[in-house]
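K.L.:
Which chain is which? The protein sequence lines are A and B, in order.
Here the working numbering runs 12 ahead of the position in the first sequence, where the first position is 1.
Here the working numbering runs 6 ahead of the position in the second sequence, where the first position is 1.
Keep in mind the hints are simulated off the structure, nothing from the lab.
There may be inaccurate statements among the hints.
[To be verified] Which residues of chain B face chain A? A partial, calculated answer using Cβ under 7 Å:
hint, residue
1, 51
2, 70
3, 109
4, 110
5, 112
6, 113
7, 117
8, 118
[Said to hold, decoys possible] Below, a list of computed lysine to aspartate or glutamate pairs in the EDC-like style, where the Cα atoms sit at most 20 Å apart:
hint, chain 1, residue 1, chain 2, residue 2
9, B, 115, A, 71
10, B, 107, A, 91
11, B, 107, A, 110
12, B, 76, B, 32
13, A, 43, A, 71
14, B, 107, B, 35
[As the list claims (entries may be wrong)] Covered stretches of chain A (chain B as the covering partner; in silico rule of three or more C-beta atoms under 8 Å from a C-beta of chain B):
hint, region
15, 40 to 53
16, 107 to 114
For every residue, glycine included, the Cβ atom is placed at its ideal position computed from N, Cα and C.
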Amino acid sequence: EADIYQTPRYLVIGTGKKITLECSQTMGHDKMYWYQQDPGMELHLIHYSYGVNSTEKGDLSSESTVSRIRTEHFPLTLESARPSHTSQYLCASSALSDSYGYTFGSGTRLTVV
Amino acid sequence: AQTVTQSQPEMSVQEAETVTLSCTYDTSESNYYLFWYKQPPSRQMILVIRQEAYKQQNATENRFSVNFQKAAKSFSLKISDSQLGDTAMYFCAFIRYNFNKFYFGSGTKLNVKP
Numbered sequence: 013e014a015d016i017y018q019t020p021r022y023l024v025i026g027t028g029k030k031i032t033l034e035c036s037q038t039m040g041h042d043k044m045y046w047y048q049q050d051p052g053m054e055l056h057l058i059h060y061s062y063g064v065n066s067t068e069k070g071d072l073s074s075e076s077t078v079s080r081i082r083t084e085h086f087p088l089t090l091e092s093a094r095p096s097h098t099s100q101y102l103c104a105s106s107a108l109s110d111s112y113g114y115t116f117g118s119g120t121r122l123t124v125v
Numbered sequence: 007a008q009t010v011t012q013s014q015p016e017m018s019v020q021e022a023e024t025v026t027l028s029c030t031y032d033t034s035e036s037n038y039y040l041f042w043y044k045q046p047p048s049r050q051m052i053l054v055i056r057q058e059a060y061k062q063q064n065a066t067e068n069r070f071s072v073n074f075q076k077a078a079k080s081f082s083l084k085i086s087d088s089q090l091g092d093t094a095m096y097f098c099a100f101i102r103y104n105f106n107k108f109y110f111g112s113g114t115k116l117n118v119k120p
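Please model the complete structure; the sequences and the hints are all you need to start from.
P.N.:
Shown next, in the form of structure tokens:
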């Protein structure tokens, strides 16, 4: 079944560690996005990509980085995690025309201690 | 600039009753799309309903329907016969035709009580 997958689902990690949040989709979507969401709060776009080798920063400044080497894969990396990075990270994808909306992953809830 | 406003941070409704969630948006465009997304606690966000601005007819998906008032820039979601599984955060979203950016509202937390 075509879908979008995020791993890990939950992650607790110490300050200063490097982490990579994985996001993969099987729908062949060109566009992919990363949103940051605090519990019960609004979504903030932090990164997006319109295709392979294309990445852009979103509206909310983030210390994370992303890469898009393959269409289906859009990982997010934090080189040195800090407690301020504690949040939920949502990955989404859409076809070339966004008019049918996004498909979201289940999210990664990150806690940095 | 486009904005999406959800003025109800939290709402409650009794099971089997009807509830309406409000959403207003601001745009100078005439062609756009509107969406309602549902985010259950600790679960995946899913698309509930979609409306094309050039269609006057209100979209309906089973128990979910919208009241789309283009002139008033209003896009409310009505949930009929509320069920416990409807408990979730609901986000209103907007995208301009042929433009690569979604605008999300701040969300409404809906609690369906037994």
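K.L.:
Each of the hints needs a verdict: does it hold here or not?
P.N.:
Okay, the hints, checked on the actual structure:
1. At about 4 Å, the closest approach between the beta carbon of residue 51(B) and any beta carbon in chain A falls short of 7 Å, and the interface hint on this residue holds.
2. Against a cut-off of 7 Å between C-beta atoms, the interface hint on residue 70(B) is violated, since the closest Cβ of chain A lies about 14 Å away.
3. Violation of the interface hint for residue 109(B) is found here, the shortest Cβ-Cβ separation to chain A being roughly 10 Å, above the 7 Å cut-off.
4. Hint on residue 110(B) holds. Least Cβ distance to chain A is approximately 5 Å, under the 7 Å limit.
5. A distance limit of 7 Å between C-beta atoms decides the matter here; for residue 112(B) the minimum to chain A is near 4 Å, and the interface restraint holds.
6. Because the beta carbon of residue 113(B) sits about 6 Å from the nearest beta carbon in chain A, less than 7 Å, this interface hint is met.
7. Interface restraint check for residue 117(B): the shortest CB-CB distance to chain A comes to about 12 Å, outside 7 Å, so the restraint is violated.
8. Nearest Cβ of chain A to the Cβ of residue 118(B): about 16 Å, over the 7 Å cut. The hint is violated.
9. For the proposed pair residue 115(B) and residue 71(A), the alpha carbon gap of about 24 Å is over 20 Å, so the pair is violated.
10. Between residue 107(B) and residue 91(A) the alpha-carbon distance is near 27 Å, which puts this suggested pair outside the 20 Å criterion.
11. For the hint pairing residue 107(B) with residue 110(A), the CA-to-CA distance comes to about 8 Å; that is within 20 Å, so the pair holds.
12. Restraint check for residue 76(B) and residue 32(B): satisfied, since their Cα atoms lie roughly 10 Å apart, inside the 20 Å limit.
13. Proposed proximity of residue 43(A) and residue 71(A) is supported: the alpha carbons are some 16 Å apart, at most 20 Å.
14. At roughly 14 Å between alpha-carbon atoms, residue 107(B) and residue 35(B) fall within 20 Å of each other, so this suggested pair holds.
15. Under the rule that three or more residues need a Cβ within less than 8 Å of chain B, the assignment of the region 40 to 53 of chain A holds, with 3 such residues.
16. Counting residues of the region 107 to 114 of chain A whose beta carbon lies closer than 8 Å to any beta carbon of chain B gives 6, which meets the minimum of three for the stated coverage.
In terms of the numbered hints stated before, the structure departs from hints 2, 3, 7, 8, 9, 10, listed from lowest to highest.
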